[in-house]
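Asks: Listed here are the chains, written in short residue letters.
2 protein chains.
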Amino acid sequence: MGGGAGAGAPGIQPPDGLLAAVDAYELALMANDLEALDAFFAEDAHTMRGDAAGLLVGHERISRFRQGRGGAPQREIESVEVRTIDDDHALVVSVLAPLSGGRGQQTQLWRRAARGWVIDAAHVSGPARAIDTSVWRVVGTPLVAREPGGALAGCRVAVKDLFDVAGHAVGAGVPAFLAESPRAAASAPAVAALLAAGADVQGIARTDEFAYSIAGRNPHYGTPPNPAVVGGIPGGSSNGPASAVALGQADIGLGTDTGGSIRVPASYQGLWGLRTTHGAVDRGGLLPLAPSFDTVGWLTRDSATLATAASVSLPMGDPDAVQLRRFAVCDAVTALANADVQGAFAGALAGLDSLLEDLERVELPDGDLLFEAFRTVQAAEAWRAHGEWISEHPGALGADIAGRFAWASGFGPDEEAAARVVVLAARAEIERDLDGRVLLLPATSSAAPQANMGAAENEETRGRTLRLTCIAGVAGLPALSVPLLRVAEGPVGLCLVGPRGSDLELIEVGERMANLRR
Amino acid sequence: MGGGAGAGAPGIQPPDGLLAAVDAYELALMANDLEALDAFFAEDAHTMRGDAAGLLVGHERISRFRQGRGGAPQREIESVEVRTIDDDHALVVSVLAPLSGGRGQQTQLWRRAARGWVIDAAHVSGPARAIDTSVWRVVGTPLVAREPGGALAGCRVAVKDLFDVAGHAVGAGVPAFLAESPRAAASAPAVAALLAAGADVQGIARTDEFAYSIAGRNPHYGTPPNPAVVGGIPGGSSNGPASAVALGQADIGLGTDTGGSIRVPASYQGLWGLRTTHGAVDRGGLLPLAPSFDTVGWLTRDSATLATAASVSLPMGDPDAVQLRRFAVCDAVTALANADVQGAFAGALAGLDSLLEDLERVELPDGDLLFEAFRTVQAAEAWRAHGEWISEHPGALGADIAGRFAWASGFGPDEEAAARVVVLAARAEIERDLDGRVLLLPATSSAAPQANMGAAENEETRGRTLRLTCIAGVAGLPALSVPLLRVAEGPVGLCLVGPRGSDLELIEVGERMANLRR
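So the sequence lines, in the order shown, correspond to chains A and B. If you count the first sequence from 1, position 502 lands on 501 in numbering that gives the first Met the number 0, and the numbers rise without skipping. If you count the second sequence from 1, position 19 lands on 18 in numbering that gives the first Met the number 0, and the numbers rise without skipping.
Be aware that a few hints might be false.
To be verified - Among chain B residues calculated to face chain A with C-beta under 7 angstroms, some are: (1) His45; (2) Gly49; (3) Glu75; (4) Val79; (5) Arg82; (6) Leu108; (7) Pro126; (8) Ala129; (9) Arg136; (10) Pro226; (11) Gly247; (12) Pro287.
The set of hints was computed from the structure by calculation and includes no laboratory data. Note that this is a predicted model, so its numbers are computed, not measured. Don't be surprised by glycine CBs; every beta carbon is placed ideally from N, CA and C.
Hey, can you work out the whole structure from these sequences and the hints?
Replies: Now the structure itself:
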């Protein structure tokens, strides 16, 4: 065959034994018989299985996925279409009727191997949910009426569940906290600024409990998907807004960044994310974590939307603002990233050399010193903000964040004061070291870790990422994550830390970089 | 081949010319070049294309679908996997990156025909939306806090946008009406009864404008999908609750039925649907359409959930209630249905003969007379309920329902009074004719019409369905639609109209019928 008369349309008469295999597969799936299911999928590095969570390639990866999911939803087969390619190959398309309602479709390429019929590829799609509860708490069409017209007309905002939204309570990722929260009479200024520019509030999106994590997991509501990394964690604590934007379920994620909570999910999900200059955006109507470091910011899929969201939310830019043409890298900082991320970072800088004519190597305060001081002050302030409520509500938090708060409760006034001295000194020193330059660094030490990664490896990766992100946190400087790096596991952000108040100019520089790398 | 050594795993080297065809297809899709797309799909009655809206079989049907959709969403191809079956056949799996965010997957079976590479089967799945705006106005997790425990614990309710839900306004399917509606302080009794039994309010679901239609279309928010009939209308006016339940996005649809608004969507979507005895469920906090006929009721996927929803919402059943063992059919009524529905109805009755030992043929008041009187009183009351608001808001309604209200505005007091006399007389006569029997009839004259059906055919089908449904409306009797009939185009309900107050017993009888037909 090939290049000749061509092949005729597939027949609809199933080849011998196929329908029995299809039936047996369905029985095994409904019984979650992992051994049988593994046997039905061809033992091959190229076997495929795709669903809404992404495409898995390779028998082993598919097998591991099945081990973790606890069975497929129960279903009936409404109809089956067979298209027979030859005696040994057929496509089987089934319309699925899940017992929980709706319809789905399953497309499978079957092959007769020596040991019997096996599946070389499967594509399964299920019915849509009313709401993805891992991403959202409440969704409307829109949830809050906006002003007509404006620079953000048509943009849908996912508001992190820390901001007041008129008519709704703040939940902070903690069901018991939500149950006691009053409905806000007015929206927070950061929300109101977007509404005034014509944006719609699409809904209120999830956060790690009290925003005290960069993982993006929530024990009550689940872990939002990361569409950029199959099986990867979303990054947090602005995980709901980030995933909503990455999934296309919102255009702007309104988040907060204390120690990386915007930059980390932006980096992990291939988004643009801006942490603003500390204090630049009004934090009224925002539940605090650690006021010395808390900032407001946005996550978007493109730079133009980010620039508009920032410009309608920030005070008018200083017309005498220094043009951001001078850049810096710090080798000790870059070295905190995984080797592959360092490689991607070096490659990106090389590709941006026309923009980076004035790039200087600088020294910055010791990373461990910085991180210890940052997390001590953060802990003391976090406990001051939420300790009383947490003490009064034992069991309200999941084990991870409960443990972190318990640890945070242990700092005495002397420790806090000492750490604060270090932070203030480091803040001045970083500004001196950078001298108006834009610091370039990887936004995170790695691409999004897999959700099933071991605790020790996870903690190690997290520690190095926090040492990267806390530089802007300590210094109170604006920091932008631009989706410009890529390693085998997924996207990583190129981070730009700019001078105080340079937020809008930072986005412009990021845009120029993205244009150069296109 | 066949039954021998078996075939080896597919190769990953694409056959000659395939990738060029895949690229050309993608260009044609992005340009919505219908002619080219038609040529890429094999011109065969067995060619398949499936997506979230269902599986289309046959080149012509796929072509017609493409003509109606106005192009596919713009996207990039993130990765392509080819599995080569032989020189003339390959499976192509693409990970899609829509420009609007998220990821999707496309699986295609390609074949080298005499004229070049063509697609025999395609399965496309796109990213999930934040909310299906055709089904829902607002969705929460849950939207309103429920009582702990209870008979309906874990059940999610889709509330038709006519009922007060605490903290939310009523929209009635009309954006301008919603904009002026105040937030309700308390939930309507019909909502509160479900909450008190432990159900969650999942969200507020769509309705035809002011519930004045049985089609299930809404010009502002779109037409909800009917998962039981690919391309079919959902039926209305409780279309949002019905589609939410059929899609598995809720377990109970709380709706209203004036002239068929629960029974029609139940019939079209293969659901259980109960219109209660007129006045049996408190209509407080419910926006009226025509109070003489308005009733509250529920749509579910199974009879047990319906029985529980009804039992927690209705007054305690009369312990001396007559057992419903006597049944009736009316040939003139049955004859209003399409021939295929009449056939399915006759077949169902034959299958239920053990239950229908006492089945009598009865005469009922003339259908045209009944329908004319019903719709005159309905029109007068609907205009009384909403005429002033509609007059003050020209352009607020879509053309169809605006036209219906304009027609409704034309009835004088004499016409209304005359029609009311006919209704009251007919009510008494129907009860006399049935004499405590359960009337059996098709719930609708047809399965769900296709959304693109011509206006004249649509109007004709609608008229015959309304003549079926208005019997219970006029008589104020409870009516249950049981998903027991099936014609080629989809499911149709078997309708049971029972004596006043027999609501709960009616569900029991429906259950017995469903068990017999299993």
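Asks: Close enough to count: is the Cβ of B:His45 nearer than 7 angstroms to one in chain A?
Replies: 6 angstroms, holds
Asks: Going by Cβ atoms only, is B:Pro287 closer than 7 angstroms to chain A?
Replies: Violated. Min distance 24 angstroms.
Asks: Would you settle whether the hint for B:Arg82 is holds or violated, based on the nearest Cβ-Cβ distance to chain A being less than 7 angstroms?
Replies: With a closest approach of 6 angstroms, the B:Arg82 hint holds.
Asks: Is the shortest C-beta separation between B:Pro126 and chain A less than 7 angstroms?
Replies: Since chain A brings a Cβ to about 5 angstroms from B:Pro126, closer than 7 angstroms, the hint holds.
Asks: Go through the hint on B:Pro226 and say holds or violated, using the shortest Cβ distance to chain A against 7 angstroms.
Replies: 5 angstroms, holds
Asks: Restraint: B:Gly247 near chain A, CB-CB cut 7 angstroms. Satisfied or not?
Replies: 2 angstroms, holds
Asks: With a cut-off of 7 angstroms on the beta carbons, see whether B:Gly49 makes it to chain A.
Replies: 5 angstroms, holds
Asks: Tell me if the interface restraint on B:Ala129 is satisfied: Cβ within less than 7 angstroms of some Cβ in chain A.
Replies: 4 angstroms, holds
Asks: Take the shortest C-beta to C-beta distance between B:Glu75 and chain A; is it under 7 angstroms?
Replies: 12 angstroms, violated
Asks: Should the interface hint for B:Val79 be scored as holding, given a Cβ-Cβ cut-off of 7 angstroms against chain A?
Replies: 11 angstroms, violated
Asks: Does B:Arg136 pass the interface hint, meaning its C-beta sits closer than 7 angstroms to a C-beta of chain A?
Replies: Holds, about 6 angstroms.
Asks: Hint B:Leu108 vs chain A: min CB-CB distance below 7 angstroms?
Replies: 5 angstroms, holds
Consistency note: the structure conflicts with the earlier hints numbered 3, 4, 12.
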